[in-house]
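Asker: Here's the letter readout for the chains.
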Amino acid sequence: MKVVVCVKQVPDTKGGVKFNPDGTLDRAAMLTIMNPDDKAGLEAALRLKDKYGAEVTVVTMGLPKAEEVLREALAMGADKGILVTDRVLGGADTWATSQTIAGAIRSLEYDLIITGRQAIDGDTAQVGPQISEHLGIPVISYAQNIEIEGDSVIVERQYDDRYHVLKAKMPCLITALAELNEPRYMTPGGIFDAYKAEITTWGRADLKDVDDSNLGLKGSPTQIARASDKVRKGQGEKVTLDPSESVAYIIDKLKTRHVI
Amino acid sequence: MDFTLSKEHEMARTLFKEFAEKEVKPLAIEVDETEEFPRATVEKMAKAGFLGIPIPKEYGGQGCDVMTYVMCVEELAKVCGTTAVIVSAHTSLCCDPILTYGTEEQKQKYLPDLASGRKIGAFGLTEPGAGTDAQGQQTKAVLDGDEWVLNGSKIFITNGKEADVYVIFAITGMVEKRGRMTKEISAFIVEKGTPGFSFGTKEKKMGIRGSSTYELIFTDCRIPKENILGQQGKGFNIAMHTLDGGRIGIAAQALGIGEGALDRTIAYVKERKQFGRAIGAFQNTQFQIADMATKAQAAQLLVYKAAMTKDQYTKDHKTSYSVEAAQAKLYAAEMAMEVTTKAVQLHGGYGYTREYEVERMMRDAKITEIYEGTSEVQRMVISSNLLK
Numbered sequence: 001m002k003v004v005v006c007v008k009q010v011p012d013t014k015g016g017v018k019f020n021p022d023g024t025l026d027r028a029a030m031l032t033i034m035n036p037d038d039k040a041g042l043e044a045a046l047r048l049k050d051k052y053g054a055e056v057t058v059v060t061m062g063l064p065k066a067e068e069v070l071r072e073a074l075a076m077g078a079d080k081g082i083l084v085t086d087r088v089l090g091g092a093d094t095w096a097t098s099q100t101i102a103g104a105i106r107s108l109e110y111d112l113i114i115t116g117r118q119a120i121d122g123d124t125a126q127v128g129p130q131i132s133e134h135l136g137i138p139v140i141s142y143a144q145n146i147e148i149e150g151d152s153v154i155v156e157r158q159y160d161d162r163y164h165v166l167k168a169k170m171p172c173l174i175t176a177l178a179e180l181n182e183p184r185y186m187t188p189g190g191i192f193d194a195y196k197a198e199i200t201t202w203g204r205a206d207l208k209d210v211d212d213s214n215l216g217l218k219g220s221p222t223q224i225a226r227a228s229d230k231v232r233k234g235q236g237e238k239v240t241l242d243p244s245e246s247v248a249y250i251i252d253k254l255k256t257r258h259v260i
Numbered sequence: 001m002d003f004t005l006s007k008e009h010e011m012a013r014t015l016f017k018e019f020a021e022k023e024v025k026p027l028a029i030e031v032d033e034t035e036e037f038p039r040a041t042v043e044k045m046a047k048a049g050f051l052g053i054p055i056p057k058e059y060g061g062q063g064c065d066v067m068t069y070v071m072c073v074e075e076l077a078k079v080c081g082t083t084a085v086i087v088s089a090h091t092s093l094c095c096d097p098i099l100t101y102g103t104e105e106q107k108q109k110y111l112p113d114l115a116s117g118r119k120i121g122a123f124g125l126t127e128p129g130a131g132t133d134a135q136g137q138q139t140k141a142v143l144d145g146d147e148w149v150l151n152g153s154k155i156f157i158t159n160g161k162e163a164d165v166y167v168i169f170a171i172t173g174m175v176e177k178r179g180r181m182t183k184e185i186s187a188f189i190v191e192k193g194t195p196g197f198s199f200g201t202k203e204k205k206m207g208i209r210g211s212s213t214y215e216l217i218f219t220d221c222r223i224p225k226e227n228i229l230g231q232q233g234k235g236f237n238i239a240m241h242t243l244d245g246g247r248i249g250i251a252a253q254a255l256g257i258g259e260g261a262l263d264r265t266i267a268y269v270k271e272r273k274q275f276g277r278a279i280g281a282f283q284n285t286q287f288q289i290a291d292m293a294t295k296a297q298a299a300q301l302l303v304y305k306a307a308m309t310k311d312q313y314t315k316d317h318k319t320s321y322s323v324e325a326a327q328a329k330l331y332a333a334e335m336a337m338e339v340t341t342k343a344v345q346l347h348g349g350y351g352y353t354r355e356y357e358v359e360r361m362m363r364d365a366k367i368t369e370i371y372e373g374t375s376e377v378q379r380m381v382i383s384s385n386l387l388k
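Heads up: the protein sequence lines correspond to chains U and V, in order. According to the working numbering, the first sequence is numbered sequentially starting from 1. According to the working numbering, the second sequence is numbered sequentially starting from 1.
In short, the hints are calculated from the structure, not lab data. Backbone N, C-alpha and C fix where the C-beta goes; we use that ideal spot for every residue, glycine too. Among the hints, a few may not be true.
Said to hold, decoys possible - For lysine-lysine, the following DSS-like pairs were computed, each having C-alpha atoms within a straight-line distance of at most 27 Å:
hint, chain 1, residue 1, chain 2, residue 2
1, U, 14, V, 17
2, U, 49, V, 273
3, U, 233, U, 218
4, V, 57, U, 14
5, V, 57, U, 80
6, V, 44, U, 196
7, U, 233, U, 65
To be verified - Label-pair ranges, simulated between beta-carbon atoms:
hint, chain 1, residue 1, chain 2, residue 2, range
8, U, 15, V, 319, 36 to 44 Å
9, V, 291, U, 15, 54 to 62 Å
10, V, 315, U, 2, 50 to 58 Å
11, V, 348, U, 195, 25 to 33 Å
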């Protein structure tokens, strides 16, 4: 069984957000982590490796620095790491990113592709399903549990108040939720092995069946007009009232502020 | 000379820090209050490979260097002195002598279980009449057929009741040395559950209160002849060499305790306001913080140098790291005591309460000046090397 896991290096929000003068994220200046949903996806793949001896290949697209998340994945137990990096791929939105990743995955053998639901820097939840569209395979998103049965996967797909159990024939793509599992820690020995391992680096030329018009900033139908740090709100006002008085209190406040 | 850590070491530190913050820190107050051995944390550390860091992969370890191990103990100690010493005693005092002096059979038999954390290790040298003076030992081992028969007791044993494998020292005879009769000491591997091996009282301690510190009692305890560790009569050398390594672990523990107290103090003085401004704005506070940070940094350099020197020994089996280990432990332990005391002072009344953890850190720091050779012993080791 061969599993491909897509991961993204994202800013660690604990370290603060920094911007370039043009308003884009200054990724090089920020502390980074493996995107939490992706990490859960990797853990799910590693559990398939523990149980069925699956081979786990991790793919990421990003700056050369993104190699770090691949080393981390290897230190957790993944078998191979592929970094897709090229200047012409920069500035990609979800469309161009999914085209790029799909172009890379076309050169790999796989039964299952696992991506995180969404990245904490973009929060779109689009890339995983788009990859499946480009590759023409089924997708089950928001997985909270994954089981294998013969040549199929059985996935619990999460909703707000329930979950659906879906079965799909492999090859297929699953998007994982952070709450899917508790990812394992890297091992100290795994870290040293990870730095001895070779990371495969692919550029534009290594992407299969992708048109230039779908790549990078030029291939991105959406553009970020402006990005800014979240404006922190004040502490607010806390009042403890009897329920009978509280409605009148809230209505009064809303009227004062001309909301109603 | 390059003071930059390798990428591997940096990533290992990230791992240890994340583990310490997530798994160890939230339990530190409870472990201290209840004096209970943090078994669940030890199991998590075992799973993450923290109990076999410098043990070669062929014996089930992580195959990392001493530097990586030291960083692990340091990061754990920043949040919990108890958890740090569990790893240190297990690794430096039990795994290390078996790795260094064990036969191939002993290494195959014991190291995979110890390195994977399926079993915990301990070390028994100290007795009521034999602390620094190892010659004061009373525990005896007599060969009877194919078995050694142990009689005597050991005190202040870290990981005492929780361990499964013990490296124990005992007198195996009298030998003439420079015209005087002296005790011949040998080392043994003793397993928990061996008939005649029992536990005495649990120590009630000032600090590292979750660590299991017990008396070990041997009453006609029979162990197989092949459980002697190293050559008969070489026990004193094995003990001293093992303690040289152990001191690097304790130095790392002391370093972490000092750094942990400093981190908390920096955060506190930025927030605590008196006379309308943060106490960190007062020059007295600034100078205290500067001194604390400088000493912690100096301690870190000594500890890392000792670790690197032991790594050199691992490669050539020649390089001595005795003085480096003694200097690292002496300085780091005294730094930890000074920095934690200042941390409590800077926290004022809150620092004296158990809610603010610098109080526990001050209690934990004290033992680092005492166990595995007091600060006075470290001074003896250092000076005797200079004045020989």
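Asker: Compare the distance between the alpha carbons of residue 49 (chain U) and residue 273 (chain V) with 27 Å, and conclude whether the hinted pair is satisfied.
Answerer: violated, 54 Å
Asker: Between the beta carbons of residue 15 (chain U) and residue 319 (chain V), is the distance compatible with 36 to 44 Å?
Answerer: For residue 15 (chain U) and residue 319 (chain V) the Cβ distance comes to about 39 Å; the hint holds.
Asker: Next pair to validate is residue 233 (chain U) with residue 218 (chain U); report whether the Cα-Cα distance is within 27 Å.
Answerer: Outside the cut-off at roughly 37 Å; violated.
Asker: Hinted pair, alpha-carbon criterion (27 Å max): residue 57 (chain V), residue 80 (chain U). Please report holds or violated.
Answerer: Measuring from Cα to Cα gives roughly 21 Å; hence the hint holds.
Asker: May I ask you to test the hint 54 to 62 Å on the CB atoms belonging to residue 291 (chain V) and residue 15 (chain U)?
Answerer: Violated - the Cβ-Cβ distance for residue 291 (chain V) and residue 15 (chain U), about 28 Å, lies outside 54 to 62 Å.
Asker: Residue 315 (chain V) and residue 2 (chain U), beta-carbon distance inside 50 to 58 Å?
Answerer: violated, 39 Å
Asker: Between residue 348 (chain V) and residue 195 (chain U), does the C-beta distance stay in 25 to 33 Å?
Answerer: violated, 46 Å
Asker: So if I understand the rule, the pair passes when the alpha-carbon distance is 27 Å or less; does residue 233 (chain U) with residue 65 (chain U) pass?
Answerer: Violated - the C-alpha atoms of residue 65 (chain U) and residue 233 (chain U) are around 34 Å apart, more than 27 Å.
Asker: Given the proposed pairing of residue 57 (chain V) with residue 14 (chain U), does the C-alpha separation stay at or below 27 Å?
Answerer: The hint is violated at about 35 Å.
Asker: What's the verdict on residue 44 (chain V) and residue 196 (chain U), does the C-alpha distance respect the 27 Å limit or exceed it?
Answerer: holds, 26 Å
Asker: Measure nothing beyond the straight line between the CA atoms of residue 14 (chain U) and residue 17 (chain V); if it is 27 Å or shorter, mark the hint as holding.
Answerer: The given pair, whose Cα atoms are some 14 Å apart, holds under the 27 Å limit.
The structure fails to meet hints 2, 3, 4, 7, 9, 10 and 11 from the earlier list, while all remaining hints are met.
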